[in-house]
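Enquirer: Listed here are the chains, written in short residue letters.
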Amino acid sequence: MKKIAIVDDEQDILNILNKFFSRKHLFDVDIYVNPQDAINNIRTNTYDLVLTDIMMPQIDGIELLKQIKDYDSSIKVIMMTAYSTLEKTLESEKLGANDYITKPFISLKDVENTILDNLKI
Amino acid sequence: MIFNNITALYVEDELEVRNTLSSMIGDMFQNFLTASNGKEGLEIFIENKDTVDIIITDINMPELNGLEMIEKINEIKSIPIIITSAYNDSEFLHQAISLGVSSYVNKPIDVKVLFEELKKACEPLLLKQELQTQEERHVNQQLEAAKFTAIGQLSAGITHEINTPLTFIKATFEMMQYDIEDLEQSDIRTSLLNDAKTINDGIVRMENIITSMKEMAQKSNEKKESVNIYSTLITALVLTFNKSKHISNVYINDEKFTANSSKDKLSFMAKVQIQRIEQVWIIIINNAMDELQKYKDFNDRKLDISIESIDNKIKIKFKDNAGGIKDEIIDHVFDAFKSTKESSGMGVGLNIAQKIILENNSTIKAYNENNGAVFEIILQ
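As they're listed, the protein sequences go chains A and B. Terminal number for the first sequence in our numbering: 121, no gaps in between. Terminal number for the second sequence in our numbering: 501, no gaps in between.
No wet-lab data here; the hints were simulated from the structure. No experiment lies behind these values; they were computed from the predicted model shown. Using N, Cα and C, we set each Cβ at its ideal position, and we do this for glycine too. Any given hint could turn out to be false.
[Unchecked claim] Cut-off 25 Å, straight-line C-alpha distance, at most; resulting in silico cross-link-like pairs (DSS-like, lysine-lysine):
#	chain 1	residue 1	chain 2	residue 2
1	A	K94	B	K415
2	A	K94	B	K392
3	B	K318	A	K109
4	B	K392	B	K345
5	A	K109	B	K384
6	A	K109	A	K2
7	B	K364	B	K384
8	B	K436	B	K486
9	A	K94	B	K345
10	A	K88	A	K66
11	B	K249	B	K364
12	A	K88	B	K364
13	B	K364	A	K19
14	B	K476	B	K345
15	A	K94	B	K364
16	A	K120	B	K366
17	A	K24	A	K109
18	A	K19	B	K318
19	A	K120	B	K345
20	B	K366	B	K318
21	B	K423	A	K109
22	B	K486	B	K345
23	A	K120	A	K109
[What the hints assert, rightly or not] Covered, in the sense of this in silico footprint (three residues per stretch, anywhere, with C-beta under 8 Å from a C-beta of chain A), are these stretches of chain B:
#	region
24	127-136
25	275-285
26	363-375
Excised from the complex, chain B in its bound form (with noise of 0.2 Å):
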């Protein structure tokens, strides 16, 4: 539709010319609307006043004339007219100009100068629409991303609120088994042994729920800084550590990363958001932890990290040896709320790790080599 959301009313009196204007012109329009005669054309202009936009009308109709007609619709509120008629002597024009009409096409009616007038009169209409349509779009922008924040400072809260609980229940369960084994050997302590189990799969799950929205609750706003990269991917190395003791070697550049490991060691200097990228960093390498954890024997798992510059750029290389990704998800790794992981929290942790590489206008992929996952990024 060429006239998206324009309202036309189209007066004249002889039929034959009414049909075929208006199968010609009629689609362009949302609404077309049709008028015999002056009178009927003002009556249906009061109906619609809130909704006409603009008025192609003939000058020479019975009952009230095309410009009578006019003249009582600008005392109803100002719209583009266009007037078609036979009439081109200058007393006419002169009144037609008076009564403020947009512009006048000839009869017979040449559609194609029709056409271009319409298109004239109506631009500053579609201006408008399209003005609004933005504003519209906007706010309702500023509504969402508002909505967001406090969703977000909600969840972060309830994060907060449940970890605090959850890590008592944890601990106390961890201690009430050990009580448990300590009894002497009954039906009720194998059937309390197993009952744990299951409870301890819940608590599992719950805390993967926590940790996913612990990830999202980080801040978002923090300033680029310049910053060793190297330097980024031992922090987050020494804050995972906790964990990745148990699970797996991890290597960095070819050497083995320990508590010690320096940070200055190299230097790769990008201007990051320094935090957020450290959280990519824990993200990917909590990630593979997860995974390599599945595969039996410690001395087997390996977590190999390279950091090296290319074309003043970092490339950034996270591969394990957990047997990669599987094929029907490999597309998807980066989609939220996708989890790759079969007892885990929502799968929202690599959608945010894509989009903090994003916002540091740097990339991310993921794909399988040698029995492993790898996740490389390319930073500016």
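Isolated chain A (complex conformation) (with noise of 0.2 Å):
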């Protein structure tokens, strides 16, 4: 089964995105609420894509998916972002980012759905 890891720094988020797609197991979720920990654990578990939120302290969105790049090229790499960051979001689209999902988002479903696409699931 393919495994993704979501990081944000709202446990709330986390948390809700995670029981909803545990309810259908279409993949293995992991959630990191700090950054670091994600970075930390990226080596060790195998991801196939990763779901970042670009507004983070310490160590933002941007940071992580060069992290992710420079590691592994072919990990996807999905943005959580608010509209209010398009500066981020299009530095993170030269940076290699496979794809961005809006807060809020448009529905639990249309986030799986991307995540599905990019998986190619």
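Using the supplied hints, reconstruct the complex from the two chains, each of which is provided in its own coordinate frame.
Expert: In structure tokens form, the structure reads like this:
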């Protein structure tokens, strides 16, 4: 089964995404509220895809994207972004982000479909 | 009023002369005070020393003559003075000059001459007033701008803070509805699903307001750069694809847009604020999607974007087939807070788009064509 990591500094957002994805269990999900933990685990756990927020304290989504792509460019990275961070979204596109999801989500189903599209499931 | 904001004091002992001249020139001033002799003139001046700007005075008067009065006034304040007199001997003129009198008008008074002298004497005052008004206006503008910036920063902060809880409220509520749907059929299940619809409408409305606020919070001080406008359109389409892919097909120069569309397929160079211009495209695309969404069949919906060069200018057209803009609002689509959508945000998107386009020395207009709305932008 494909494996994804979700990184967001808001525990509530992680919880609801995790709960939703575990209903159908189309892929395995690990959640990280601290981006540094995600970076540490990317080398040990093999993720097919990382879904990350852009605006996070200390290590932001852009930095996380860089580190993931430096380590293994085949890992898909989907950025979660508020429209107010257009600048960052463009920057992440240059750095090889594979897709974008706007916050608030259109729907959880939409988030799932975007992940499935990128995992080619 | 010719001498706007100017207060004149006219001192003349002969009632008839005083009344005649007052009726002729009094209305030219903001305030026109009169006195019947030098003593009274001095008293009135002292009472109004902060407001009186110019004095017109006769010389030969009882109690205190004109020159004596001027001497006393000079001790209080330096002020333009015009004297009117039948005297014209040289000793008197010397005295008047030594008192710093601005000018001299012979009696009987020729109003035209007096008017010219008044103009000369008041000119510096008027100029000074104009400068003051300009300065006040400038200070007010700066204050307004500072206030606006502060409000902007505050709303950007609030927007971001609200966006996060809104994200998990919306998602959690969606989740809750799946749980409700899984319940066995019952009155409670039906009632919960009905209530859920109301809550959903509320969430969507809040979301739209937040989107509008996010649009407003974008930076405006970006430098202009030479950029391929075609690729800014593709970027905007990529950034809105998340939404648009569920709503409508989008064509750019008759080719269907996909997530893999190349940014460099065509080249249309212009010097613009890249991100601000991309923001304009995003606003227009999102607006079109909101309108298209109302039309039933996905396959019937279409957003056509075209870009072409015309006389060294670039023309970009966004055309949807969502029925067009209603007649009653077509002249106001770019006004702030005049939302054209029934359940949308604050109606600031297109207003912002227009401001950005104007700041980039370009034009934007909206019209209807073949059952759809058209937004046409000409970039210089």
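Enquirer: For each hint, tell me whether it holds in the structure or not.
Expert: For each hint, the structure was consulted:
Distance restraint check for K94/A and K415/B: the Cα-Cα separation of roughly 34 Å exceeds the 25 Å cut-off, and the hinted pair is therefore not satisfied. Simply put, K94/A and K392/B have alpha-carbon atoms about 21 Å apart, close enough for the 25 Å limit, and the pair holds. For a cut-off of 25 Å, the pair hint linking K318/B to K109/A stands: about 17 Å separates their Cα positions. A C-alpha spacing of about 6 Å is found between K392/B and K345/B, which places the hinted pair at or below 25 Å, so the restraint holds.
Between K109/A and K384/B, the direct Cα distance comes to roughly 29 Å. Violation of the 25 Å bound is thereby established for this hinted pair. For the hint pairing K109/A with K2/A, the CA-to-CA distance comes to about 18 Å; that is within 25 Å, so the pair holds. Taking the CA atoms of K364/B and K384/B, the gap is near 20 Å; set against the 25 Å cutoff, the hint holds. With a C-alpha separation of about 11 Å, the suggested pair K436/B and K486/B falls inside the 25 Å cut-off, and the hint holds.
With a CA separation close to 20 Å, the supplied pair K94/A and K345/B stays within the 25 Å bound. Taking the CA atoms of K88/A and K66/A, the gap is near 13 Å; set against the 25 Å cutoff, the hint holds. For the hint pairing K249/B with K364/B, the CA-to-CA distance comes to about 59 Å; that exceeds 25 Å, so the pair is violated. For the hint linking K88/A to K364/B, the alpha-carbon distance of about 19 Å falls within 25 Å, and the restraint holds.
Note on K364/B and K19/A: the hinted pairing holds, with a Cα-Cα distance of about 23 Å set against a maximum of 25 Å. As the CA atoms of K476/B and K345/B are separated by approximately 15 Å, the hinted pair is consistent with the 25 Å bound. Among the hinted pairs, K94/A with K364/B is consistent with the structure: their alpha-carbon atoms are about 21 Å apart, no more than 25 Å. The straight-line distance between the Cα atoms of K120/A and K366/B is roughly 17 Å, inside the 25 Å bound, and the hint therefore holds.
A distance of roughly 11 Å separates the Cα atoms of K24/A and K109/A; the hinted pair therefore holds under the 25 Å criterion. Taking the CA atoms of K19/A and K318/B, the gap is near 22 Å; set against the 25 Å cutoff, the hint holds. Between the alpha carbons of K120/A and K345/B the distance comes to roughly 40 Å, so the proposed pair goes past 25 Å and is violated. At most 25 Å may separate the alpha-carbon atoms for a hinted pair to count; K366/B and K318/B meet this at roughly 24 Å.
The hinted pair formed by K423/B and K109/A meets the criterion: a straight-line CA distance of about 24 Å does not exceed 25 Å. A distance of roughly 22 Å separates the Cα atoms of K486/B and K345/B; the hinted pair therefore holds under the 25 Å criterion. Between K120/A and K109/A the CA atoms are separated by roughly 16 Å; this keeps the pair inside 25 Å, and the hint holds. Under a criterion of three residues with beta carbons nearer than 8 Å to beta carbons of chain A, the stated coverage of the region 127-136 of chain B fails, only 0 such residues being counted.
Look at the region 275-285 of chain B against chain A: 5 of its residues bring a Cβ nearer than 8 Å to a Cβ of that chain, three or more, so the hint holds. Only residues whose beta carbon comes within less than 8 Å of a beta carbon in chain A count, and the region 363-375 of chain B has 3; three or more means the coverage holds.
When each numbered hint is compared with the structure, violations occur for hints 1, 5, 11, 19 and 24.
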